[in-house]
Amino acid sequence: MTLDPLLREPSRLISRRYAPVMQNLPYTLAKLSYLQPTHERPLQYAYQPPPGTPWESCPFDERDMRIADARQLTTRTTVHREGFELWHAPTALSDFSDRDSIVQRYYPEVVELACAATGARRGYVFDHLIRQREGDRRRLNFGRSAQGQVAAANGRIHNDYTEASGRRRLGLVLEAVGEHACSVGRYSIVNVWRSIRHPVLDTPLAVCDARSLSATDLIEAEVRYPRRHGEIYLAIHSSRHRWFYFSAMHRDEALVFKQYDAQLGGVARYTPHAAFDHPDAPDGWPARESIEARCLVIYE
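Per the working numbering, residue 1 is the first one in the sequence shown, and the count goes up by one each step.
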């Protein structure tokens, strides 16, 4: 796998009273699914819930949002400033249908890329997920998979880790490799996302500029899986949010974005994201197929 050199720029703190100016970029107007403000702890089921129990405990608010094409930016985004960056990163893996091949051949590529993007010294990929947009283009939801099928595209704005679950993931990952979390200083969790077949024209991934995000925009939510419970952030709407996507991403490109950073200031810590239906997708274009791999990286 070949990697572009990393462009490094100093991070800076942004006051909550200010937001970055959106450049006059080409954008698409598309619906993004925010959580409606609630006093309840939201609950999502990733599998068929018990009879009479809804899939989601709280309502969502679909808003028409400007999503700018980040390819038109005059400066490159970085994973530590905006929270995301695009890399030219061809993969040697041609078939993503075999899990063993993904673990043995693709995971090392992800670690290499994650460390190059973040400047970390080492990393551990701890899971991955294949997603495919449904052929009938039904309304986007939480991205649940039907029985025996791959997961669908996730249209709920979310961040995969919270303050608590990010710390918990460190312990789980290091325990699996025989290390202790107490010996680790700074660490991050990043997501590496790529198309595994055709260029993505129909259901791209939108990412929120971390500088436009406030801690009060993020709401802890529980996700129930068949054998475990998880915790993520959902997001409520703010006019400050600045959304981006990279148009026509192809399989030789990878989007690296921050899901958690143990450093409390001066860097992007969370990058909310969601799939959206592109209104200008050509009729008959193949449905989006993608892989996302999560990697814990350690800096010291």
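Everything labelled a hint here was simulated from the structure, so no lab data went into it.
Check each hint, because a few of them may be wrong.
[As the list claims (entries may be wrong)] Cβ pair distances, simulated, as ranges:
| # | residue 1 | residue 2 | range |
| --- | --- | --- | --- |
| 1 | L264 | E134 | 19 to 27 Å |
| 2 | D100 | R76 | 33 to 41 Å |
| 3 | L264 | C182 | 17 to 25 Å |
| 4 | F126 | Y47 | 30 to 38 Å |
| 5 | T74 | Y225 | 23 to 31 Å |
| 6 | G284 | Y225 | 15 to 23 Å |
| 7 | E179 | P37 | 15 to 23 Å |
By construction, the Cβ of each residue, glycine as well, lies at the ideal position given by its N, Cα and C atoms.
Sort out which numbered hints this structure fails and list those numbers smallest first. Of the numbered hints, 1, 4, 5, 6, 7 do not hold.
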